[in-house]
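Here the protein sequences line up with chains R and E, keeping their order. Under the working numbering, the first sequence is numbered contiguously, ending at residue 116. Under the working numbering, the second sequence is numbered contiguously, ending at residue 113.
Do not take every clue at face value.
Claimed, not checked - If you want the footprint, here are the derived chain E segments under chain R, 3+ residues with CB under 8 Å: (1) 45-53; (2) 77-85.
As the list claims (entries may be wrong) - Calculated lysine to aspartate or glutamate pairs in the EDC-like style (CA-CA distance at most 20 Å, straight line): (3) R:K18 with R:E30; (4) E:K1 with R:E103; (5) R:K17 with R:E30; (6) E:K57 with R:E103; (7) E:K100 with R:E62; (8) E:K100 with R:D56; (9) E:K100 with R:E30; (10) R:K69 with R:E1.
Since the hints were made in silico from the structure, they are not lab data. Owing to the predicted nature of the structure, the values given are computational and were not obtained by experimental measurement. Positions of the beta carbon are idealized from the N, C-alpha and C atoms, including for glycine.
Spelled out from the first residue to the last, the chains are:
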Amino acid sequence: EAQVTQNPRYLITVTGKKLTVTCSQNMNHEYMSWYRQDPGLGLRQIYYSMNVEVTDKGDVPEGYKVSRKEKRNFPLILESPSPNQTSLYFCASSLISRGGRYEKLFFGSGTQLSVL
Amino acid sequence: KNQVEQSPQSLIILEGKNCTLQCNYTVSPFSNLRWYKQDTGRGPVSLTIMTFSENTKSNGRYTATLDADTKQSSLHITASQLSDSASYICVVSAGPGTYKYIFGTGTRLKVLA
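For reference, chain R alone in the conformation it holds in the complex:
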């Protein structure tokens, strides 16, 4: 089944304790990205990647790191989490749009992170 898999689904941690949220897709998508969703705000892009070893900042990259060593995986790293990073996080992937055809974004089921 084609899907984007995020783990863990729920995570509670304490300020300053490094954590990684994993994201994997099985659709051979070039594009992958991370978003956070907060109450009253639309999803906001954290980082995105157009292909292996190619990553770029989104609108809210502060406090986050990513890596794209393999095409299928795009982990999100919080080196020193803070309470303001408490949020619902989504990973998404898609094919690169070509020839005027725009590709669907496929989202994972989300990771609810609480930083105490």
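Put chain E on the given structure of chain R with help from the hints.
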């Protein structure tokens, strides 16, 4: 500033009724506009994608319209079902060749039996 605004914020309708959700955007340059459905606690799922040259697109009981001149879009749901209860999110992609997506805050729809 690139923005996507949706209205209403929330909506309650009876099963079987139709409804229309609105999306206004100020995104430039404009590439495409998407509607997503997000069930509570789940990731968004794509409903439609439209470019500036398309003014209507359907997906089953969902029909999206786009007026690129007035920068407005609507999502019409026909013969609503209980399973339509969800948030509906309007997303605008800024500029060809970029992958910047500006998300609206969504309209929360509740369909009652």
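Structure-based check of each hint:
no.: 1; hint: 45-53; verdict: holds (count 4)
no.: 2; hint: 77-85; verdict: violated (count 0)
no.: 3; hint: R:K18 with R:E30; verdict: violated (27 Å)
no.: 4; hint: E:K1 with R:E103; verdict: violated (25 Å)
no.: 5; hint: R:K17 with R:E30; verdict: violated (31 Å)
no.: 6; hint: E:K57 with R:E103; verdict: holds (15 Å)
no.: 7; hint: E:K100 with R:E62; verdict: holds (17 Å)
no.: 8; hint: E:K100 with R:D56; verdict: holds (11 Å)
no.: 9; hint: E:K100 with R:E30; verdict: holds (15 Å)
no.: 10; hint: R:K69 with R:E1; verdict: violated (23 Å)
In this structure, the hints that do not hold are numbers 2, 3, 4, 5, 10, in rising order.
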